[in-house]
Amino acid sequence: MAGERADTAKARFDAATVKALRDRIRPITADEYRARQENARRLMKANGLDAVFVEGGTTLSYFTGLHWWLSERLFAMVLPQRGEPFFVAPAFEEGRAREKLGSEVKVYAWEEHEKPIERIRAGLKDRGLLTARLGIEETTRYYAVEQLQRLSTLTLGSATGVTAGCRSVKSPHEIELMQVANDITAQVYRQVQRELREGMSESELAGIISARYAEFGVEDDTLVLFGEASAYPHGLTRDVTLKDGDVVLIDGGCKVEGYNSDITRTMAFGKPSAKMERVFEIVRGAQDAGLKAARPGVAAEKVDAAARRHIAEHGYGPGYKYFTHRLGHGIGMDGHEWYYLVGGNTRALAPGNMFSNEPGIYLVGEFGIRTEDEMLVTDDGARLLLPPAKSLQEIF
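The UniProt record's numbering puts the first residue of the sequence shown at 1, with every later residue one more than the last.
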(Lines of atoms letter the chains of each structure in order from A and count residues from 1; the text may use other names and numbers.)
(Lines give C-alpha, C1' and ligand atoms only; values in the text may rest on other atoms or scores of the structure.)
Protein backbone atom coordinates (compact mmCIF):
# COMPACT_ATOMS: atom_id res chain seq x y z
CA MET A 1 0.00 0.00 0.00
CA ALA A 2 1.34 3.45 -0.89
CA GLY A 3 2.95 5.21 2.03
CA GLU A 4 2.80 2.16 4.30
CA ARG A 5 5.86 2.04 6.54
CA ALA A 6 7.81 -1.18 6.78
CA ASP A 7 8.15 -3.09 10.03
CA THR A 8 11.95 -3.13 10.32
CA ALA A 9 11.85 -5.00 13.63
CA LYS A 10 10.26 -8.10 12.13
CA ALA A 11 12.87 -10.67 11.09
CA ARG A 12 12.81 -11.65 7.42
CA PHE A 13 15.47 -14.38 7.43
CA ASP A 14 15.01 -17.80 9.01
CA ALA A 15 17.45 -18.99 11.66
CA ALA A 16 18.93 -21.68 9.40
CA THR A 17 19.90 -19.15 6.70
CA VAL A 18 21.57 -16.89 9.24
CA LYS A 19 23.38 -19.76 10.96
CA ALA A 20 24.66 -21.21 7.68
CA LEU A 21 26.37 -17.95 6.81
CA ARG A 22 27.58 -17.17 10.33
CA ASP A 23 29.11 -20.66 10.63
CA ARG A 24 31.42 -19.89 7.71
CA ILE A 25 33.11 -17.00 9.53
CA ARG A 26 36.59 -17.81 10.90
CA PRO A 27 38.61 -15.08 12.66
CA ILE A 28 42.14 -14.23 11.57
CA THR A 29 44.61 -16.21 13.71
CA ALA A 30 47.78 -15.18 15.56
CA ASP A 31 49.81 -17.22 13.07
CA GLU A 32 48.31 -15.23 10.21
CA TYR A 33 49.28 -11.93 11.85
CA ARG A 34 52.84 -13.19 12.28
CA ALA A 35 52.94 -14.28 8.63
CA ARG A 36 51.77 -10.81 7.57
CA GLN A 37 54.56 -9.19 9.54
CA GLU A 38 57.08 -11.57 7.97
CA ASN A 39 55.79 -10.71 4.51
CA ALA A 40 56.20 -7.02 5.36
CA ARG A 41 59.83 -7.67 6.31
CA ARG A 42 60.48 -9.28 2.93
CA LEU A 43 58.95 -6.28 1.19
CA MET A 44 60.96 -3.88 3.35
CA LYS A 45 64.14 -5.50 2.07
CA ALA A 46 62.91 -5.25 -1.52
CA ASN A 47 61.99 -1.57 -1.01
CA GLY A 48 65.20 -0.57 0.79
CA LEU A 49 63.57 0.10 4.15
CA ASP A 50 64.85 -0.79 7.61
CA ALA A 51 61.50 -0.36 9.37
CA VAL A 52 57.99 0.99 8.89
CA PHE A 53 56.00 3.38 11.10
CA VAL A 54 52.25 2.71 11.44
CA GLU A 55 49.73 4.77 13.40
CA GLY A 56 46.46 3.39 14.73
CA GLY A 57 44.08 2.47 11.92
CA THR A 58 43.40 -0.24 9.37
CA THR A 59 47.02 -1.13 8.60
CA LEU A 60 47.80 -1.55 12.29
CA SER A 61 44.77 -3.86 12.57
CA TYR A 62 45.96 -5.80 9.52
CA PHE A 63 49.37 -6.52 11.04
CA THR A 64 48.37 -7.01 14.69
CA GLY A 65 44.61 -7.45 15.10
CA LEU A 66 44.62 -4.41 17.38
CA HIS A 67 41.85 -1.93 16.57
CA TRP A 68 42.92 1.52 17.76
CA TRP A 69 41.20 4.77 17.00
CA LEU A 70 43.11 7.93 16.13
CA SER A 71 43.15 10.77 18.63
CA GLU A 72 45.40 13.65 19.59
CA ARG A 73 47.45 11.14 21.63
CA LEU A 74 49.95 9.29 19.47
CA PHE A 75 49.73 5.50 19.38
CA ALA A 76 51.97 3.79 16.84
CA MET A 77 53.91 0.68 15.91
CA VAL A 78 57.40 0.47 14.48
CA LEU A 79 57.95 -2.80 12.63
CA PRO A 80 61.65 -3.39 11.90
CA GLN A 81 62.99 -5.46 9.03
CA ARG A 82 64.83 -7.48 11.66
CA GLY A 83 63.42 -8.16 15.10
CA GLU A 84 60.07 -7.74 16.77
CA PRO A 85 57.87 -4.64 16.58
CA PHE A 86 57.63 -2.09 19.34
CA PHE A 87 54.78 0.24 20.22
CA VAL A 88 54.53 3.80 21.50
CA ALA A 89 51.45 4.47 23.60
CA PRO A 90 49.97 6.86 26.15
CA ALA A 91 50.91 5.43 29.55
CA PHE A 92 47.32 5.22 30.76
CA GLU A 93 46.42 3.16 27.64
CA GLU A 94 49.25 0.64 27.97
CA GLY A 95 47.12 -1.93 29.78
CA ARG A 96 44.42 -1.77 27.14
CA ALA A 97 46.98 -2.24 24.38
CA ARG A 98 48.58 -5.21 26.14
CA GLU A 99 45.20 -6.89 26.48
CA LYS A 100 45.47 -7.61 22.73
CA LEU A 101 49.22 -7.50 22.16
CA GLY A 102 50.33 -9.57 25.15
CA SER A 103 52.72 -8.92 28.01
CA GLU A 104 55.88 -9.84 26.07
CA VAL A 105 55.51 -7.02 23.50
CA LYS A 106 57.69 -3.96 24.09
CA VAL A 107 55.63 -0.83 24.73
CA TYR A 108 57.30 2.56 25.21
CA ALA A 109 54.75 4.47 27.27
CA TRP A 110 54.63 8.25 27.52
CA GLU A 111 52.97 10.29 30.25
CA GLU A 112 50.63 13.18 29.48
CA HIS A 113 53.29 15.86 30.00
CA GLU A 114 55.89 14.04 27.88
CA LYS A 115 56.61 14.07 24.16
CA PRO A 116 55.97 10.76 22.38
CA ILE A 117 58.85 11.42 19.98
CA GLU A 118 61.25 10.77 22.84
CA ARG A 119 59.78 7.30 23.29
CA ILE A 120 60.07 6.68 19.56
CA ARG A 121 63.71 7.75 19.74
CA ALA A 122 64.31 5.34 22.62
CA GLY A 123 62.75 2.44 20.75
CA LEU A 124 64.78 3.14 17.62
CA LYS A 125 67.99 3.53 19.64
CA ASP A 126 67.45 0.22 21.45
CA ARG A 127 67.24 -1.49 18.06
CA GLY A 128 70.12 0.36 16.39
CA LEU A 129 67.73 2.17 14.06
CA LEU A 130 68.51 5.83 14.74
CA THR A 131 70.10 6.13 11.30
CA ALA A 132 67.56 3.90 9.60
CA ARG A 133 65.52 4.43 6.48
CA LEU A 134 62.03 4.53 7.99
CA GLY A 135 58.97 3.99 5.81
CA ILE A 136 55.87 5.99 6.73
CA GLU A 137 52.47 4.34 6.28
CA GLU A 138 50.56 6.53 3.84
CA THR A 139 47.64 7.48 6.11
CA THR A 140 49.93 8.77 8.86
CA ARG A 141 48.91 12.25 9.98
CA TYR A 142 51.13 15.25 9.35
CA TYR A 143 51.73 16.01 13.01
CA ALA A 144 53.21 12.53 13.53
CA VAL A 145 55.46 12.89 10.47
CA GLU A 146 56.52 16.32 11.71
CA GLN A 147 57.67 14.77 14.98
CA LEU A 148 59.62 12.06 13.14
CA GLN A 149 61.32 14.73 11.04
CA ARG A 150 62.88 16.06 14.25
CA LEU A 151 64.95 12.89 14.40
CA SER A 152 67.42 14.27 11.87
CA THR A 153 69.46 11.07 11.69
CA LEU A 154 66.53 9.19 10.15
CA THR A 155 65.81 8.99 6.43
CA LEU A 156 62.06 9.04 5.93
CA GLY A 157 60.34 7.47 2.93
CA SER A 158 57.10 5.92 1.80
CA ALA A 159 56.00 2.54 3.16
CA THR A 160 53.28 2.10 0.53
CA GLY A 161 55.29 -0.54 -1.32
CA VAL A 162 55.23 -2.57 1.89
CA THR A 163 51.78 -1.87 3.30
CA ALA A 164 49.90 -1.89 0.00
CA GLY A 165 52.13 -4.69 -1.20
CA CYS A 166 50.86 -6.81 1.68
CA ARG A 167 47.24 -5.75 1.86
CA SER A 168 46.48 -5.69 -1.88
CA VAL A 169 47.13 -9.42 -2.29
CA LYS A 170 44.41 -11.30 -0.44
CA SER A 171 45.06 -14.64 1.22
CA PRO A 172 42.62 -17.54 0.79
CA HIS A 173 41.24 -16.79 4.27
CA GLU A 174 40.68 -13.13 3.43
CA ILE A 175 38.89 -14.14 0.23
CA GLU A 176 36.68 -16.51 2.24
CA LEU A 177 35.66 -13.70 4.60
CA MET A 178 34.92 -11.36 1.71
CA GLN A 179 32.85 -14.09 0.06
CA VAL A 180 30.74 -14.40 3.22
CA ALA A 181 30.26 -10.62 3.29
CA ASN A 182 29.19 -10.72 -0.36
CA ASP A 183 26.80 -13.62 0.23
CA ILE A 184 25.16 -11.77 3.11
CA THR A 185 24.79 -8.68 0.92
CA ALA A 186 23.13 -10.75 -1.82
CA GLN A 187 20.65 -12.13 0.71
CA VAL A 188 19.83 -8.64 1.96
CA TYR A 189 19.41 -7.12 -1.51
CA ARG A 190 17.07 -9.89 -2.65
CA GLN A 191 14.95 -9.38 0.46
CA VAL A 192 14.73 -5.59 0.39
CA GLN A 193 13.75 -5.67 -3.27
CA ARG A 194 10.54 -7.32 -2.03
CA GLU A 195 10.05 -4.57 0.57
CA LEU A 196 9.98 -1.61 -1.84
CA ARG A 197 6.87 0.52 -1.40
CA GLU A 198 5.67 3.58 -3.28
CA GLY A 199 6.08 6.73 -1.20
CA MET A 200 8.90 5.40 0.96
CA SER A 201 11.98 7.60 1.27
CA GLU A 202 15.59 6.77 0.52
CA SER A 203 16.39 7.02 4.22
CA GLU A 204 13.52 4.67 5.10
CA LEU A 205 14.84 2.00 2.73
CA ALA A 206 18.34 2.51 4.10
CA GLY A 207 16.96 1.81 7.58
CA ILE A 208 15.30 -1.38 6.36
CA ILE A 209 18.58 -2.50 4.79
CA SER A 210 20.45 -1.89 8.07
CA ALA A 211 17.83 -3.94 9.93
CA ARG A 212 18.25 -6.83 7.50
CA TYR A 213 22.02 -6.80 7.90
CA ALA A 214 21.57 -6.72 11.68
CA GLU A 215 19.78 -10.08 11.45
CA PHE A 216 23.15 -11.52 10.37
CA GLY A 217 24.99 -9.70 13.17
CA VAL A 218 26.86 -7.33 10.86
CA GLU A 219 26.87 -3.58 10.29
CA ASP A 220 26.36 -1.99 6.89
CA ASP A 221 27.31 1.13 4.99
CA THR A 222 24.63 1.70 2.36
CA LEU A 223 23.69 4.36 -0.19
CA VAL A 224 20.12 4.38 -1.54
CA LEU A 225 19.11 6.50 -4.54
CA PHE A 226 15.69 6.84 -6.18
CA GLY A 227 14.76 8.18 -9.60
CA GLU A 228 16.62 11.26 -10.80
CA ALA A 229 18.92 11.12 -7.76
CA SER A 230 20.51 8.00 -9.27
CA ALA A 231 21.98 10.19 -12.03
CA TYR A 232 24.44 11.48 -9.42
CA PRO A 233 26.79 8.62 -8.43
CA HIS A 234 26.62 9.54 -4.73
CA GLY A 235 23.15 11.07 -4.82
CA LEU A 236 21.62 14.38 -3.84
CA THR A 237 21.51 16.09 -0.46
CA ARG A 238 17.70 15.80 -0.16
CA ASP A 239 15.79 12.65 0.77
CA VAL A 240 13.91 11.48 -2.35
CA THR A 241 10.68 9.44 -2.21
CA LEU A 242 9.93 6.46 -4.44
CA LYS A 243 7.37 6.58 -7.22
CA ASP A 244 6.22 4.15 -9.90
CA GLY A 245 8.64 3.86 -12.81
CA ASP A 246 11.71 4.94 -10.80
CA VAL A 247 14.99 3.16 -10.79
CA VAL A 248 16.26 2.17 -7.34
CA LEU A 249 20.03 2.15 -6.90
CA ILE A 250 21.46 0.45 -3.80
CA ASP A 251 25.23 0.66 -3.24
CA GLY A 252 27.06 -0.68 -0.22
CA GLY A 253 27.71 -3.76 1.82
CA CYS A 254 28.75 -5.06 5.19
CA LYS A 255 31.87 -5.93 7.14
CA VAL A 256 32.74 -9.47 8.24
CA GLU A 257 35.75 -9.87 10.57
CA GLY A 258 37.00 -6.55 9.24
CA TYR A 259 36.50 -7.35 5.53
CA ASN A 260 34.06 -5.49 3.30
CA SER A 261 31.58 -6.23 0.59
CA ASP A 262 30.68 -3.45 -1.86
CA ILE A 263 27.86 -4.29 -4.25
CA THR A 264 25.63 -2.04 -6.36
CA ARG A 265 22.36 -3.13 -7.87
CA THR A 266 20.03 -0.94 -9.89
CA MET A 267 16.46 -2.21 -10.14
CA ALA A 268 13.21 -0.91 -11.53
CA PHE A 269 10.25 -0.12 -9.33
CA GLY A 270 7.41 -0.93 -11.68
CA LYS A 271 7.94 -1.37 -15.40
CA PRO A 272 11.26 0.01 -16.69
CA SER A 273 11.31 2.11 -19.84
CA ALA A 274 12.95 0.80 -23.00
CA LYS A 275 15.73 3.37 -22.50
CA MET A 276 16.41 2.13 -18.99
CA GLU A 277 16.64 -1.43 -20.24
CA ARG A 278 18.99 -0.45 -23.07
CA VAL A 279 21.27 1.50 -20.72
CA PHE A 280 21.32 -1.42 -18.30
CA GLU A 281 22.45 -3.78 -21.07
CA ILE A 282 25.24 -1.40 -22.06
CA VAL A 283 26.43 -1.10 -18.45
CA ARG A 284 26.39 -4.86 -17.95
CA GLY A 285 28.33 -5.26 -21.18
CA ALA A 286 30.93 -2.82 -19.85
CA GLN A 287 31.24 -4.82 -16.66
CA ASP A 288 31.82 -7.96 -18.71
CA ALA A 289 34.42 -6.14 -20.82
CA GLY A 290 36.31 -5.11 -17.68
CA LEU A 291 36.11 -8.64 -16.31
CA LYS A 292 37.45 -10.11 -19.56
CA ALA A 293 40.35 -7.62 -19.63
CA ALA A 294 41.41 -8.30 -16.03
CA ARG A 295 44.18 -10.88 -15.66
CA PRO A 296 47.65 -11.07 -14.11
CA GLY A 297 50.21 -8.82 -15.78
CA VAL A 298 47.67 -6.45 -17.34
CA ALA A 299 47.98 -2.78 -16.41
CA ALA A 300 45.12 -1.52 -14.22
CA GLU A 301 44.37 1.28 -16.68
CA LYS A 302 43.63 -1.23 -19.46
CA VAL A 303 40.78 -2.76 -17.45
CA ASP A 304 39.18 0.68 -17.05
CA ALA A 305 39.79 1.37 -20.74
CA ALA A 306 38.03 -1.83 -21.83
CA ALA A 307 34.85 -0.96 -19.94
CA ARG A 308 34.95 2.70 -20.95
CA ARG A 309 35.45 1.80 -24.61
CA HIS A 310 32.38 -0.46 -24.55
CA ILE A 311 30.22 2.36 -23.18
CA ALA A 312 31.56 4.88 -25.70
CA GLU A 313 31.03 2.49 -28.61
CA HIS A 314 27.37 2.24 -27.62
CA GLY A 315 26.79 5.98 -27.75
CA TYR A 316 27.64 7.15 -24.23
CA GLY A 317 31.09 8.62 -24.68
CA PRO A 318 33.60 9.98 -24.91
CA GLY A 319 35.67 9.56 -21.79
CA TYR A 320 33.90 10.59 -18.59
CA LYS A 321 30.92 12.29 -20.22
CA TYR A 322 28.37 9.72 -19.03
CA PHE A 323 30.56 7.17 -17.26
CA THR A 324 31.78 9.78 -14.83
CA HIS A 325 34.15 7.83 -12.54
CA ARG A 326 36.88 5.19 -12.66
CA LEU A 327 35.90 1.57 -13.18
CA GLY A 328 36.98 0.35 -9.77
CA HIS A 329 38.93 0.48 -6.55
CA GLY A 330 40.76 -2.04 -4.45
CA ILE A 331 38.75 -3.41 -1.55
CA GLY A 332 39.50 -5.41 1.57
CA MET A 333 39.68 -4.12 5.14
CA ASP A 334 38.95 -0.66 3.78
CA GLY A 335 36.04 -0.13 1.43
CA HIS A 336 38.38 1.78 -0.90
CA GLU A 337 42.05 0.79 -0.91
CA TRP A 338 44.89 0.07 -3.34
CA TYR A 339 45.00 -0.20 -6.25
CA TYR A 340 42.65 1.64 -8.61
CA LEU A 341 41.31 0.64 -12.01
CA VAL A 342 41.75 4.06 -13.58
CA GLY A 343 43.44 5.68 -16.55
CA GLY A 344 47.12 6.38 -15.90
CA ASN A 345 47.63 3.52 -13.46
CA THR A 346 50.17 1.24 -15.14
CA ARG A 347 50.56 -1.11 -12.19
CA ALA A 348 50.17 -4.73 -13.27
CA LEU A 349 47.40 -6.81 -11.76
CA ALA A 350 48.43 -9.84 -9.69
CA PRO A 351 46.64 -12.94 -8.43
CA GLY A 352 44.88 -12.16 -5.16
CA ASN A 353 44.07 -8.55 -6.04
CA MET A 354 40.44 -7.69 -5.27
CA PHE A 355 38.69 -4.80 -7.01
CA SER A 356 35.24 -3.37 -7.47
CA ASN A 357 34.06 -3.58 -11.08
CA GLU A 358 31.43 -0.85 -11.26
CA PRO A 359 30.64 0.82 -14.57
CA GLY A 360 27.76 3.25 -14.76
CA ILE A 361 25.91 5.59 -17.09
CA TYR A 362 24.44 8.74 -15.54
CA LEU A 363 21.83 10.81 -17.39
CA VAL A 364 21.17 13.99 -15.40
CA GLY A 365 17.48 14.81 -15.25
CA GLU A 366 16.53 11.19 -15.98
CA PHE A 367 18.26 8.34 -14.14
CA GLY A 368 21.54 6.58 -13.57
CA ILE A 369 22.39 2.90 -13.77
CA ARG A 370 25.38 1.30 -12.11
CA THR A 371 26.18 -2.33 -11.49
CA GLU A 372 29.00 -3.27 -9.13
CA ASP A 373 30.55 -6.54 -8.07
CA GLU A 374 33.76 -7.50 -6.34
CA MET A 375 36.25 -8.97 -8.79
CA LEU A 376 39.10 -11.29 -7.78
CA VAL A 377 42.18 -11.60 -10.00
CA THR A 378 43.02 -15.30 -10.33
CA ASP A 379 46.03 -17.14 -11.74
CA ASP A 380 44.64 -17.03 -15.26
CA GLY A 381 42.02 -14.27 -15.35
CA ALA A 382 39.42 -12.86 -12.96
CA ARG A 383 36.05 -13.78 -11.50
CA LEU A 384 33.20 -12.04 -9.74
CA LEU A 385 32.29 -13.12 -6.21
CA LEU A 386 28.57 -13.03 -6.99
CA PRO A 387 26.42 -13.73 -10.04
CA PRO A 388 26.03 -10.43 -11.93
CA ALA A 389 22.68 -8.73 -12.40
CA LYS A 390 20.58 -10.20 -15.22
CA SER A 391 18.10 -7.36 -15.64
CA LEU A 392 16.52 -4.44 -13.82
CA GLN A 393 14.19 -6.97 -12.17
CA GLU A 394 16.47 -10.00 -11.71
CA ILE A 395 19.38 -8.57 -9.74
CA PHE A 396 21.44 -11.78 -9.32
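Among the hints, a few may not be true.
Stated by the list, open to error - Between beta-carbon pairs, the in silico distance windows are:
| no. | residue 1 | residue 2 | range |
| --- | --- | --- | --- |
| 1 | A214 | E146 | 38 to 48 Å |
| 2 | G157 | G95 | 28 to 38 Å |
| 3 | D23 | A214 | 16 to 26 Å |
| 4 | P388 | E93 | 16 to 26 Å |
If you are wondering where the hints come from, they were derived from the structure by calculation, not from laboratory data. A virtual CB, placed ideally from N, CA and C, is assigned to each residue, including glycine.
Okay, the hints, checked on the actual structure:
no., hint, result
1, A214 to E146: 38 to 48 Å, "holds (42 Å)"
2, G157 to G95: 28 to 38 Å, "holds (33 Å)"
3, D23 to A214: 16 to 26 Å, "holds (18 Å)"
4, P388 to E93: 16 to 26 Å, "violated (46 Å)"
Hint 4 from the earlier list is the only one contradicted by this structure; the remaining hints agree with it.
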